[in-house]
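Peer 1: Following the hints, position chain D against chain W.
Going down the list, the sequences are from chains W and D.
Count the first sequence with numbering that gives the first Met the number 0 and you get residues 0 to 398, in order.
Count the second sequence with numbering that gives the first Met the number 0 and you get residues 0 to 80, in order.
Just so you know, not all the hints are guaranteed correct.
[To be verified] Computed spacing ranges between beta-carbons, pair by pair:
no.: 1; chain 1: D; residue 1: 56; chain 2: W; residue 2: 390; range: 51 to 59 angstroms
no.: 2; chain 1: D; residue 1: 52; chain 2: W; residue 2: 71; range: 53 to 61 angstroms
no.: 3; chain 1: W; residue 1: 149; chain 2: D; residue 2: 10; range: 36 to 44 angstroms
no.: 4; chain 1: W; residue 1: 152; chain 2: D; residue 2: 17; range: 15 to 23 angstroms
no.: 5; chain 1: W; residue 1: 263; chain 2: D; residue 2: 40; range: 23 to 31 angstroms
Bear in mind the hints are in silico, worked out from the structure with no lab data behind them.
Backbone N, C-alpha and C define an ideal beta-carbon position, used for all residues, glycine too.
Chain residues, written in single-letter form:
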Amino acid sequence: MKFTLPLPKIVDADLAADVEKQAPYASPNVRKLRVAADFTSVEVELEPGADADEVRGKVERFLTTMVSKYRALERKELYRNVRRDAAPYETGVYEELKRRGWVLELGRGQVGLAGPALALSRTLDEACAELGRTRFGAAEAVYPSLIPAEVLGRCGYFSSFPQAVSLVAHLVEDYDLIEEFRQANVGSPQLTIPRAAAIPTPEACLTPAVCYHCYQSLEGRRLTSGHTVTSNGKCFRYESKNITGLDRLWDFTMREVIFVGAEAWVTERRQAAIAAVLEQVAAWDLDCVIETANDPFFPTVHATKTYWQVRSDLKFELRLGVEPGSGGAPRTIACGSFNLHENFFGKTFGITADDGQPAFTGCVGWGLERWVLAAFTQHGFTPARWPEALRGKIFPSDR
Amino acid sequence: MSDDIEARVRAVVVRVAKLDGERAGFAADADLFRDLGVESTVALDLLLSLEEELGVSIPDDKFGDARSLTALATLARGLLA
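Here chain W stands alone, though its shape is the one from the complex (with noise of 0.2 angstroms):
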């Protein structure tokens, strides 16, 4: 069953992407929803037995919180790599990957890595924390993947990403409810929470970012210098029906550099990382584009939020060339991100940059499953072909 709804007023590319994005977050009646080709409307495809009056109330009250303030600005694309590599995109990667048991498919957004694509992680990844130990003086630290409820709530992820928040429940702690959860799921596979009592709020959340417990680890102090970090880490975001493949995982795997410090050290450092990201991407001979973008904020928020990031330069999405998608049109996925925060967490956190202000941030993101996925998209499957800085570490029998 499909219905189209006008949009509230025409729209450019990119928030119609967002809109799609956000979609399912709508109603889980709601299998797709697409723009149309001319901006003015939307076509929504529905589950089967859904009630399309109620869908399309949820929809219409979407589509107007998000499209109705939206104001378009310009992006600019700031630097561009095409790869040496003249063979075209490998096609059907993420189920070849599977195939060859590199990617292992453990459940909804949730993918084990193992053989050269693990490999290949983990070598990007030490790249990436190279990168941050040699030219910026990056401290390592180890994270945990549970952040408390609270801290993330002081980082303003409720209000402004509420849809992707994935809550760690456990069982109140009361003997009759929890023998009534263990008997209610004694031989079943299915889980069976047989009363809402027995879950309590929830204290903690799965971290949706690494930099996080970087800023609470500094609360209350007062810089003498800025502040380099950098981390690996596990990060969870719920993305509904959007989770597909390596593209969009729920659970994924992140390294990160994160600035803490005054305003023109942590922007220049920024700017310092996308030059060095750059050398990173020419050296593995990727497509790639860096540009201006903004982060998935949920509908009510996206036009206020999405203005200030885009109009202040706060984010730049590193994206690679990955194979197109259903239509044909050529495809990028953002594999990497430079952030600024100005200073939110600074103040937030009461941390004190070296020159008395509240401490400004900014952070370097590489999603790592992605990358595996771009590097297999573009280089194929033939050793031969991978650019000498990957070939050796990612198929060793070949050296």
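Peer 2: Using the frame of chain W, we list chain D on its own:
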């Protein structure tokens, strides 16, 4: 120089940024976001409200550079001239 334009811009800023009481009389050269603590999420509403109040289209880059009442009023005068 304080004039009718500046008073109209101030009224919009006070209303949109909810600068109640003493804060409504904020210094004209104060940075709205850094000095007065106006939330960044207010920027778009401020821009749209100023356009409605003044009946002009405000270029985003110029609005981005105008971070104080004085700068916003100067921008408004230029657009209305």
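Peer 1: Hint by hint, say whether it matches the structure.
Peer 2: Taking the hints in turn, this is what the structure says about them:
1. 56(D) - 390(W): 51 to 59 angstroms: Cβ of residue 56(D) to Cβ of residue 390(W): about 55 angstroms, so the range 51 to 59 angstroms holds.
2. 52(D) - 71(W): 53 to 61 angstroms: Between residue 52(D) and residue 71(W), where Cβ atoms are some 22 angstroms apart, the hint is violated.
3. 149(W) - 10(D): 36 to 44 angstroms: holds, 38 angstroms
4. 152(W) - 17(D): 15 to 23 angstroms: holds, 22 angstroms
5. 263(W) - 40(D): 23 to 31 angstroms: Roughly 25 angstroms apart at Cβ, these two residues keep to the hinted range, so it holds.
In summary, the one numbered hint that this structure violates is 2.
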